[in-house]
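S.K.: Each chain, written out:
Protein chains: 2
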Amino acid sequence: MPRVTDDHLAARRRQILDGARRCFAQYGYESATVRRLEETIGLSRGAIFHHFRDKDTLFFELAHEDAERMADVAGREGLIQVMRDMLAAPEQFDWLATRLEIARKLRNDPAFSREWAARSAELSAATTERLRRQEQAGRLRDDVPRDVVRTYLELVLDGLVARLASGDDPEKLGAVLDLVEASVRQP
Amino acid sequence: MPRVTDDHLAARRRQILDGARRCFAQYGYESATVRRLEETIGLSRGAIFHHFRDKDTLFFELAHEDAERMADVAGREGLIQVMRDMLAAPEQFDWLATRLEIARKLRNDPAFSREWAARSAELSAATTERLRRQEQAGRLRDDVPRDVVRTYLELVLDGLVARLASGDDPEKLGAVLDLVEASVRQP
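Taken in sequence, the protein lines are chains P and B.
Once you know that position 72 of the first sequence is 72 in UniProt numbering, the rest is easy, because the numbers rise by one and skip nothing.
Once you know that position 57 of the second sequence is 57 in UniProt numbering, the rest is easy, because the numbers rise by one and skip nothing.
To be clear, the hints were calculated from the coordinates, so they are not data collected in a lab.
Misleading hints may appear alongside valid ones.
With a straight-line cut-off of 30 Å between C-alpha atoms, the simulated DSS-like cross-links for lysine-lysine are [to be verified]:
(1) B/K55 with P/K55
(2) B/K172 with P/K172
(3) B/K105 with P/K172
(4) B/K55 with P/K105
(5) P/K55 with B/K105
(6) P/K105 with B/K172
(7) P/K55 with P/K105
(8) B/K55 with B/K105
(9) P/K105 with B/K105
Partial pick of chain P residues on the chain B-facing surface, computed with a CB cut under 7 Å [said to hold, decoys possible]:
(10) D85
(11) T151
(12) L155
(13) A165
If you only want the chain P side, here are some residues facing chain B, beta carbon under 8 Å, derived [unchecked claim]:
(14) T33
(15) V34
(16) L87
(17) E91
Glycine included, every Cβ here is placed at the ideal spot set by N, Cα and C.
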């Protein structure tokens with residue numbers, strides 16, 4: 001019998017990812033050092049990096065989990081519903097702030113940027129597909145190219161994350177999302 | 001005769017602010033250490049902090065310069081023109097990224113947040129006043145409260161900064177701004 005079963009392996013990976021998410025949320029991307037990851041996860045760096053190659057691999061895996069969950073909602077109900085879900089979950093704001101903290105790295109580190117794009121591809125594809133269906137159903141405004149609408153919604157998502165992470169009132173931001181929603185609909 | 005004239009004082013302050021802006025742009029808010037500020041500015045920490053109390057004071061002074069410049073454009077031509085100016089000045093993207101890097105601090109550090117709000121007040125006031133005039137002239141949509149429109153435009157500005165700092169194509173973002181502009185106009 002193997003000493004480590006698949007269940008144990010999955011549980012250990014889960015423990016590492018959950019701890020890493022808390023650590024990034026608390027300290028931010030840059031300040032989530034290996035030492036702090038050890039403390040928050042409750043495992044040695046040897047044990048952590050046996051499962052995930054390095055800090056960035058951990059970060060990308062968490063981003064991938066987000067993207068999967070968001071793609072599921074975006075595909076069924078659209079990217080604006082993804083944003084409404086964000087407003088309803090204030091406990092996530094600190095984690096969301098890490099999305100902003102990597103902007104400089106995305107711009108200056110091509111390898112990091114490619115990896116991030118790969119992990120976010122699922123969400124982009126789901127959004128594109130949803131917009132295509134909305135357009136076919138005559139619910140999307142047709143005077144603006146679909147990829148401009150998609151870029152607009154992605155920009156609004158980043159703006160929403162920035163305002164939430166800065167401490168803006170979620171209720172006021174909800175009213176803004178109503179305006180955004182109206183602005184992409186067929187009048 | 002005084003040893004340090006007003007002209008000398010102004011030139012020294014300018015040297016410090018310009019160097020600090022380059023330093024923040026290159027390293028980001030957190031990693032712009034006092035040592036790096038010394039190197040980029042070309043003065044000792046003693047000389048620098050004789051003119052500005054600490055790193056945050058320097059940062060707020062730069063933010064205040066931005067806000068003044070942006071308020072001037074926003075008051076005359078609106079916040080969307082401020083954003084178009086951003087797209088036209090790629091050399092500023094790295095500095096703009098620092099706006100995102102302080103989001104976590106804005107949320108978790110009330111004193112920092114108050115100081116930031118005070119330095120940005122001029123821009124908010126100019127935007128509010130411009131929207132009021134646009135509404136009176138019948139150019140602003142009137143089915144959405146004016147402060148929701150303002151929050152919307154501020155959110156779009158943050159989103160634009162995030163997309164620029166992440167390396168998005170400015171031309172594509174220009175088309176997005178056209179959509180944003182149409183969405184706040186009276187149809």
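S.K.: Double-check P/T151 for me: the hint is only fine if its C-beta lies closer than 7 Å to a C-beta in chain B.
M.R.: holds, 5 Å
S.K.: Please verify whether B/K172 and P/K172 have alpha carbons no more than 30 Å apart.
M.R.: Holds. B/K172 to P/K172 sits at ~28 Å (cutoff 30 Å).
S.K.: CA of B/K55 to CA of P/K55, is that 30 Å or under?
M.R.: This hinted pair holds, its Cα atoms lying about 29 Å apart.
S.K.: Go through the hint on P/T33 and say holds or violated, using the shortest Cβ distance to chain B against 8 Å.
M.R.: Violated: closest Cβ of chain B sits about 12 Å from P/T33, beyond 8 Å.
S.K.: Using Cβ atoms only, decide whether P/L87 comes closer than 8 Å to chain B, and label the hint accordingly.
M.R.: Violated, about 12 Å.
S.K.: For the pair supplied as a hint, B/K105 and P/K172, is the alpha-carbon distance within the 30 Å limit?
M.R.: Distance of about 21 Å is within 30 Å: holds.
S.K.: Is the straight-line distance between the alpha-carbon of B/K55 and that of P/K105 30 Å or less?
M.R.: With Cα atoms ~22 Å apart, B/K55 and P/K105 stay inside 30 Å; holds.
S.K.: Holds or violated: are the alpha carbons of P/K55 and P/K105 at most 30 Å from each other?
M.R.: holds, 14 Å
S.K.: Take a quick look at whether P/K105 and B/K172 sit within 30 Å of each other, Cα to Cα.
M.R.: holds, 21 Å
S.K.: Does B/K105 sit within 30 Å of P/K105, going by the straight-line distance between their CA atoms?
M.R.: Given pair P/K105, B/K105 holds - Cα atoms ~19 Å apart, limit 30 Å.
S.K.: Identify whether the interface hint at P/L155 stands, where standing means a beta carbon of chain B within less than 7 Å of its own.
M.R.: holds, 4 Å
S.K.: Holds or violated: is the Cβ of P/D85 closer than 7 Å to a Cβ in chain B?
M.R.: violated, 17 Å
In the structure shown, a violation is registered for the earlier hints numbered 10, 14, 15, 16, 17, in ascending order.
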